[in-house]
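Trainee: Quick note, the sequences are listed as chains A and B, same order. For the first sequence, this note's numbering begins at 79 and goes up steadily by one. For the second sequence, this note's numbering begins at 79 and goes up steadily by one.
Just so you know, these hints were derived from the structure itself, not from any lab. Misleading hints may appear alongside valid ones.
As the list claims (entries may be wrong) - SDA-like cross-link-like pairs, simulated, lysine to any residue; straight-line CA separation at most 20 Å:
{"id": "1", "chain 1": "A", "residue 1": "Lys113", "chain 2": "B", "residue 2": "Ala222"}
{"id": "2", "chain 1": "B", "residue 1": "Lys113", "chain 2": "B", "residue 2": "Arg87"}
{"id": "3", "chain 1": "A", "residue 1": "Lys113", "chain 2": "A", "residue 2": "Ser306"}
{"id": "4", "chain 1": "A", "residue 1": "Lys113", "chain 2": "B", "residue 2": "Ser140"}
{"id": "5", "chain 1": "A", "residue 1": "Lys113", "chain 2": "A", "residue 2": "Gly307"}
{"id": "6", "chain 1": "A", "residue 1": "Lys113", "chain 2": "B", "residue 2": "His124"}
{"id": "7", "chain 1": "B", "residue 1": "Lys113", "chain 2": "B", "residue 2": "Tyr310"}
{"id": "8", "chain 1": "B", "residue 1": "Lys113", "chain 2": "A", "residue 2": "Ala222"}
{"id": "9", "chain 1": "A", "residue 1": "Lys113", "chain 2": "B", "residue 2": "Arg125"}
{"id": "10", "chain 1": "A", "residue 1": "Lys113", "chain 2": "B", "residue 2": "Glu118"}
{"id": "11", "chain 1": "B", "residue 1": "Lys113", "chain 2": "A", "residue 2": "Pro138"}
{"id": "12", "chain 1": "A", "residue 1": "Lys113", "chain 2": "B", "residue 2": "Ser142"}
{"id": "13", "chain 1": "B", "residue 1": "Lys113", "chain 2": "A", "residue 2": "Trp141"}
{"id": "14", "chain 1": "B", "residue 1": "Lys113", "chain 2": "A", "residue 2": "Asp149"}
{"id": "15", "chain 1": "A", "residue 1": "Lys113", "chain 2": "A", "residue 2": "Gly91"}
{"id": "16", "chain 1": "A", "residue 1": "Lys113", "chain 2": "B", "residue 2": "Pro112"}
{"id": "17", "chain 1": "B", "residue 1": "Lys113", "chain 2": "A", "residue 2": "Glu118"}
{"id": "18", "chain 1": "A", "residue 1": "Lys113", "chain 2": "B", "residue 2": "Arg114"}
{"id": "19", "chain 1": "B", "residue 1": "Lys113", "chain 2": "A", "residue 2": "Ser225"}
{"id": "20", "chain 1": "A", "residue 1": "Lys113", "chain 2": "B", "residue 2": "Pro138"}
{"id": "21", "chain 1": "A", "residue 1": "Lys113", "chain 2": "B", "residue 2": "Glu137"}
{"id": "22", "chain 1": "B", "residue 1": "Lys113", "chain 2": "A", "residue 2": "His124"}
{"id": "23", "chain 1": "B", "residue 1": "Lys113", "chain 2": "A", "residue 2": "Glu137"}
{"id": "24", "chain 1": "B", "residue 1": "Lys113", "chain 2": "A", "residue 2": "Arg125"}
{"id": "25", "chain 1": "B", "residue 1": "Lys113", "chain 2": "B", "residue 2": "Ser140"}
{"id": "26", "chain 1": "A", "residue 1": "Lys113", "chain 2": "B", "residue 2": "Ser225"}
{"id": "27", "chain 1": "B", "residue 1": "Lys113", "chain 2": "A", "residue 2": "Gly224"}
Number of protein chains: 2
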Amino acid sequence: MSPAQARERFRSGERVPTAGWCRGWTQANLIAVPKRLRYELLLFAHRNPQACPVLDVGEPGSWSTRLFPGDLRTDLPAYRLYRDGAAVADLGEVTGEWRADLVPFLIGCSFTFERALLAAGVPVRHLEAGVNVPMYVTSIPCEATGSLSGPLVVSMRPVPEHLVTTAVEVSGRYPMVHGAPVHVGDPGAIGVRDLARPDYGDAVEVRPGEVPLFWACGVTPQAAVLASGVDYAIGHLPGHMAILDARDDDYRVA
Amino acid sequence: MSPAQARERFRSGERVPTAGWCRGWTQANLIAVPKRLRYELLLFAHRNPQACPVLDVGEPGSWSTRLFPGDLRTDLPAYRLYRDGAAVADLGEVTGEWRADLVPFLIGCSFTFERALLAAGVPVRHLEAGVNVPMYVTSIPCEATGSLSGPLVVSMRPVPEHLVTTAVEVSGRYPMVHGAPVHVGDPGAIGVRDLARPDYGDAVEVRPGEVPLFWACGVTPQAAVLASGVDYAIGHLPGHMAILDARDDDYRVA
């Protein structure tokens, strides 16, 4: 399926996590903030590049970008609306909520390197299970700006011990879509108490002989919107990504 | 010499290009723009990462940053003041010109990898000659933002043919200080008419058997300030850099 075809299905109402969709194409997180905060958001992204790699930025009030020639208000499977530092609604489209001063940022997503993991023989449990990837709010603080701060959010994939090195190396070749894991092993070391209860997405089984690997996650700006009491913002519903007209190989380095 | 010692000498009035100074430490370009333009500048940098890798950003009106604990108004050897898209003065210090709304950006500089070039056996002509590096305005347009556009500026180093590969590989390990050359060979192909007449810095000899190598240069934001008619900005005098409390090895990738 092409990105344009997927966007049309989401525009028609399909509401589903996008892991495994449009294999070979790049997926992205959305965070749209009022123009007044666009510098802070871009600086926050610059200071936290592993969690917030900026793939594209739109003009104020626009709903498409160079890499996303669809309609950002309707062509993702689902959205989360924020007011005054609280998530107030999950919505299937946000045409009425897309204020004229919103500036959309598209941030890299680790779904982008899952094809490469599979090709290297690394199993991806949430794909096997047909569910959303589990995501967790950690105890690791992001580097703040004047008005934006918050915790690092991570995605988790359980990897057989003998494939940990492979998973690190393969994902490390995609630095613009989070790159190598930020943590391997003990969830408690990064403040994750219970793998069975993710903050976003679905829990997946961690089998004997498997190690949890944690990757920086592009939901991190939404955690900053929450923690910083931002008055108005629109994100994607975690795991329900924007699918871009860009190949995953475009973000692979040698 | 430590960066703090060098900064003190510049603060005391020494006015000299900084190539070869504080070997082992990182040098940076300065561009300070009014707060109103800070988003545009950061976005311009993000869209032109090879020319404008942002190493550090200060708060509005501040004159030091985390990596530059000196005084940005006095601790560079020389400055260039811009008004309404024109360079209006070269100054030894800019205390009186440092308006309260200026936001300083520190941008990577290719001087940072010259130690690595020398260690790999690649001669650096402007160091041998004790002059400033030659810099040229090219015909390559930067990716614009709404209000900032301009040409790519490059620095040039002549390299013996048998060392071109080495120079490419070694500098390529420093992506945050411009990385590998943007062009190897014919100056005319990038709109440089006469190597003997650089737009900034000093001409250097290109000997028989040597090839000119061109690296993206952190003077590029100053060219954008000129081309875009920015009403007020302060840059360093090209080649007269900010010396940071950061090791050049901090910007080396494996």
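Trainee: If a hint holds in the structure, say so; if it does not, say that too.
Mentor: Evaluated hints:
Between A:Lys113 and B:Ala222, the direct Cα distance comes to roughly 19 Å. Compliance with the 20 Å bound is thereby established for this hinted pair. Our distance criterion of 20 Å between C-alpha atoms is broken by B:Lys113 and B:Arg87, whose separation comes to about 30 Å. The hinted pair formed by A:Lys113 and A:Ser306 meets the criterion: a straight-line CA distance of about 16 Å does not exceed 20 Å. Between A:Lys113 and B:Ser140, the direct Cα distance comes to roughly 23 Å. Violation of the 20 Å bound is thereby established for this hinted pair.
For the hint linking A:Lys113 to A:Gly307, the alpha-carbon distance of about 16 Å falls within 20 Å, and the restraint holds. With a C-alpha separation of about 17 Å, the suggested pair A:Lys113 and B:His124 falls inside the 20 Å cut-off, and the hint holds. This hinted pair checks out: B:Lys113 and B:Tyr310 have alpha carbons roughly 11 Å apart, not beyond 20 Å. This hinted pair checks out: B:Lys113 and A:Ala222 have alpha carbons roughly 19 Å apart, not beyond 20 Å.
Distance check on the hinted pair: A:Lys113 and B:Arg125 sit about 18 Å apart at the alpha-carbon level, within 20 Å; holds. Between A:Lys113 and B:Glu118, the direct Cα distance comes to roughly 12 Å. Compliance with the 20 Å bound is thereby established for this hinted pair. Restraint check for B:Lys113 and A:Pro138: satisfied, since their Cα atoms lie roughly 18 Å apart, inside the 20 Å limit. A threshold of 20 Å between alpha carbons decides the hint, and for A:Lys113 with B:Ser142 the separation of about 27 Å lies outside it, so the pair is violated.
A C-alpha spacing of about 26 Å is found between B:Lys113 and A:Trp141, which places the hinted pair above 20 Å, so the restraint is violated. Note on B:Lys113 and A:Asp149: the hinted pairing is violated, with a Cα-Cα distance of about 31 Å set against a maximum of 20 Å. With a C-alpha separation of about 29 Å, the suggested pair A:Lys113 and A:Gly91 falls outside the 20 Å cut-off, and the hint is violated. Pair hint A:Lys113 plus B:Pro112 holds up; C-alpha atoms about 17 Å apart against a cutoff of 20 Å.
Simply put, B:Lys113 and A:Glu118 have alpha-carbon atoms about 12 Å apart, close enough for the 20 Å limit, and the pair holds. Under the criterion of a C-alpha separation no larger than 20 Å, the hint pairing A:Lys113 with B:Arg114 is consistent with the structure, at around 12 Å. As the CA atoms of B:Lys113 and A:Ser225 are separated by approximately 15 Å, the hinted pair is consistent with the 20 Å bound. Simply put, A:Lys113 and B:Pro138 have alpha-carbon atoms about 18 Å apart, close enough for the 20 Å limit, and the pair holds.
The suggested pairing of A:Lys113 with B:Glu137 holds, with an alpha-carbon distance near 19 Å, which does not exceed 20 Å. Distance restraint check for B:Lys113 and A:His124: the Cα-Cα separation of roughly 17 Å lies within the 20 Å cut-off, and the hinted pair is therefore satisfied. For the hint linking B:Lys113 to A:Glu137, the alpha-carbon distance of about 19 Å falls within 20 Å, and the restraint holds. Between B:Lys113 and A:Arg125, the direct Cα distance comes to roughly 18 Å. Compliance with the 20 Å bound is thereby established for this hinted pair.
Proposed proximity of B:Lys113 and B:Ser140 is supported: the alpha carbons are some 11 Å apart, at most 20 Å. Pair hint A:Lys113 plus B:Ser225 holds up; C-alpha atoms about 15 Å apart against a cutoff of 20 Å. At roughly 14 Å between alpha-carbon atoms, B:Lys113 and A:Gly224 fall within 20 Å of each other, so this suggested pair holds.
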